[in-house]
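Number of protein chains: 2
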Amino acid sequence: MNRHDPSGVLKTTAASLALVDHILELEGATMSELVEATDLAKSTVHAHLKTLAEYGYVVNIDNEYQLGAKFCHLGDYVRTRKDYYRVAQETVSWLDSESSMDADFAVEEHGRIVSLYGDLEFANSPRFLIDGSPFHVHTTSSGKAIIAEYPETRVRDIIDRWGLPAATDASITTEDELFAELATVREQGYAENSGEAVEGFWAIGKAVKSPRGEVYGSLNLSGPAYVIDEETRATQAELLERAAERFEQGIAELYQTPAGETDEE
Amino acid sequence: MNRHDPSGVLKTTAASLALVDHILELEGATMSELVEATDLAKSTVHAHLKTLAEYGYVVNIDNEYQLGAKFCHLGDYVRTRKDYYRVAQETVSWLDSESSMDADFAVEEHGRIVSLYGDLEFANSPRFLIDGSPFHVHTTSSGKAIIAEYPETRVRDIIDRWGLPAATDASITTEDELFAELATVREQGYAENSGEAVEGFWAIGKAVKSPRGEVYGSLNLSGPAYVIDEETRATQAELLERAAERFEQGIAELYQTPAGETDEE
DNA sequence: TATAAATGTTCGACTCTCCGGAACAGCCTG
DNA sequence: CAGGCTGTTCCGGAGAGTCGAACATTTATA
Numbered sequence: 001m002n003r004h005d006p007s008g009v010l011k012t013t014a015a016s017l018a019l020v021d022h023i024l025e026l027e028g029a030t031m032s033e034l035v036e037a038t039d040l041a042k043s044t045v046h047a048h049l050k051t052l053a054e055y056g057y058v059v060n061i062d063n064e065y066q067l068g069a070k071f072c073h074l075g076d077y078v079r080t081r082k083d084y085y086r087v088a089q090e091t092v093s094w095l096d097s098e099s100s101m102d103a104d105f106a107v108e109e110h111g112r113i114v115s116l117y118g119d120l121e122f123a124n125s126p127r128f129l130i131d132g133s134p135f136h137v138h139t140t141s142s143g144k145a146i147i148a149e150y151p152e153t154r155v156r157d158i159i160d161r162w163g164l165p166a167a168t169d170a171s172i173t174t175e176d177e178l179f180a181e182l183a184t185v186r187e188q189g190y191a192e193n194s195g196e197a198v199e200g201f202w203a204i205g206k207a208v209k210s211p212r213g214e215v216y217g218s219l220n221l222s223g224p225a226y227v228i229d230e231e232t233r234a235t236q237a238e239l240l241e242r243a244a245e246r247f248e249q250g251i252a253e254l255y256q257t258p259a260g261e262t263d264e265e
Numbered sequence: 001m002n003r004h005d006p007s008g009v010l011k012t013t014a015a016s017l018a019l020v021d022h023i024l025e026l027e028g029a030t031m032s033e034l035v036e037a038t039d040l041a042k043s044t045v046h047a048h049l050k051t052l053a054e055y056g057y058v059v060n061i062d063n064e065y066q067l068g069a070k071f072c073h074l075g076d077y078v079r080t081r082k083d084y085y086r087v088a089q090e091t092v093s094w095l096d097s098e099s100s101m102d103a104d105f106a107v108e109e110h111g112r113i114v115s116l117y118g119d120l121e122f123a124n125s126p127r128f129l130i131d132g133s134p135f136h137v138h139t140t141s142s143g144k145a146i147i148a149e150y151p152e153t154r155v156r157d158i159i160d161r162w163g164l165p166a167a168t169d170a171s172i173t174t175e176d177e178l179f180a181e182l183a184t185v186r187e188q189g190y191a192e193n194s195g196e197a198v199e200g201f202w203a204i205g206k207a208v209k210s211p212r213g214e215v216y217g218s219l220n221l222s223g224p225a226y227v228i229d230e231e232t233r234a235t236q237a238e239l240l241e242r243a244a245e246r247f248e249q250g251i252a253e254l255y256q257t258p259a260g261e262t263d264e265e
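Chains as they are written, first to last, in the numbering used here: chain A, 1 to 265; chain B, 1 to 265.
Among the clues, some could well be false.
A pair holds if it fits inside one copy or across any two, identical chains being indistinguishable in the list.
List time: in silico BS3-like cross-link candidates among lysine-lysine, alpha-carbon distance up to 30 Å [as the list claims (entries may be wrong)]:
1) K209 - K50
2) K42 - K82
3) K11 - K50
4) K82 - K50
5) K11 - K209
6) K82 - K209
7) K42 - K209
8) K11 - K42
Read the hints as simulated data drawn from the structure, not as lab findings.
All chains should be modelled from the sequences, with the hints used to inform the complete structure.
Here it is as structure tokens:
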């Protein structure tokens, strides 16, 4: 857990949330594993788990603690809460049907990348995550596509907070490399990723923005690296481009329709 | 928040998690709203929010606190962690394509019902939830289908914990009604819901079990009540029956294939 | 069957830390 | 410029979390 500045955070709550991270990281954990991972007394861990269980965040099945279904419930709420969610969802399914690769839509939050719509099995699988948190911005096509649109100070803030740890041998690990890469991204209009997050995995991502220029997130295509040659690369980039246009047009339609709302009954 | 027995729970963590519930319930909240909702000092709320934000559970956009994308990440993990997730997912999409209504798959956890696979917009929408938690078992077709398979003591435990609050005028509110309803469910093989959770909403659900008889969850079909007549009711029930068979066959295949695992590398 | 090693749970006392209140810096709107 | 709001910091007191030990249960090992 590389939490940076613990000033002002409540240690009790932080300990509880750290337990959640540990359970995620270990993909389910027993009591003793958690005691060892946290350096807390058994009774303390017990109290935390009991509290988390009380609120539905943790369940105990077969002497193993796991994250609860409440996270599904809250996750779905977060997804549907976003005003662009239907547009993003439709764009991803269109992209998925048009392309031979996997499509998804990801956003940046707190300097990390979370996939919101796409194939569950890959996007957020804990097997590919370093700690309990989602992907780093610098190891994903979506992350690079998104931060390429940010002012430099904001990018530096993210680097300061999370660093540039390597996920594979191909990962970017220095600021200079990263900023050079971001310049390339801006130049060619999309970001590419060749095994920088997961060995043998290739992806491209393109940021989508509101009419006012705010970045919503990034549309992505990903798949195994061995199928990639110059031609497929070009076709996939072309597809991604068209998907981004569809998304931004959908957003424009969303905001120019004052009637036909679904909010009130 | 009708948390039952606060013995042994950590008040600090509980306060933080209660804030999450409040944000969900209010669909985003400002600081002062949270201060009022919780009866805590402003500085205390501030500390909690800072801690939650530090871990990615809360974000602040435009002077409003919202739940963070990390919940999507954790929710997806919970979904994919379940060994039956692919079978459930495939069954739901089959059912959805075959039926004119909305299909989903829900599970019971901690005495509440959470929809795992299905249309996001409806299943877990906070607009239809009484408190921050998912649906009650007694107001949903899925809940009734699931607990109809449970021993009576387990059903009573759930009632003791959550009570039988009415969501609409049609809701079941007494133990006697509920147990009579569960007997009907067992008799006809599926549970029906006519506006007991949401006014004007109709649904049916059928529990699916492992070969050893453990209940995985419930497959459901739902839609507006006004389209329901005897004929559609019969066709939908028939579809649900076939979907349940597909699911249970899928599970059987899952367990009789010792080779082709994806767990080790 | 007995022994050992897990987990789940309770209890009390020390001490850490969370809570409240007040005060101040920004940012809007009037 | 006053009057809302939010976001943030500070400090003292009191309340609450942490630890460690002990016991009840269950599962595994000899």
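Here's how the hints hold up against the structure:
1. When the C-alpha separation of K209 and K50 is checked against a cutoff of 30 Å, the pair qualifies only between copies, where the shortest distance is 28 Å, while the shortest distance within a copy is 43 Å.
2. For a Cα distance limit of 30 Å, the shortest separation of K42 from K82 across copies, 27 Å, qualifies, whereas the shortest one inside one copy, 40 Å, does not.
3. For the identical chains of this complex, K11 and K50 are neighbours both inside a copy (17 Å) and across copies (12 Å), given an alpha-carbon limit of 30 Å.
4. With identical chains, the CA atoms of K82 and K50 are at most 30 Å apart between copies only, with a shortest distance of 22 Å across copies and 32 Å within one.
5. Taking the closest pair of Cα atoms, K11 and K209 never come within 30 Å of each other, the shortest separation being 38 Å inside a single copy and 42 Å across copies.
6. Proximity of K82 and K209 under a CA criterion of 30 Å is satisfied intra-copy only: 14 Å inside one chain copy versus 35 Å between copies.
7. In this assembly of identical chains, the alpha carbons of K42 and K209 never lie at most 30 Å apart, being 49 Å within a copy and 35 Å across copies at closest.
8. Taking identical chains as interchangeable, the C-alpha atoms of K11 and K42 lie at most 30 Å apart whether they share a chain (17 Å) or sit on different chains (18 Å).
In the structure shown, a violation is registered for the earlier hints numbered 5 and 7, in ascending order.
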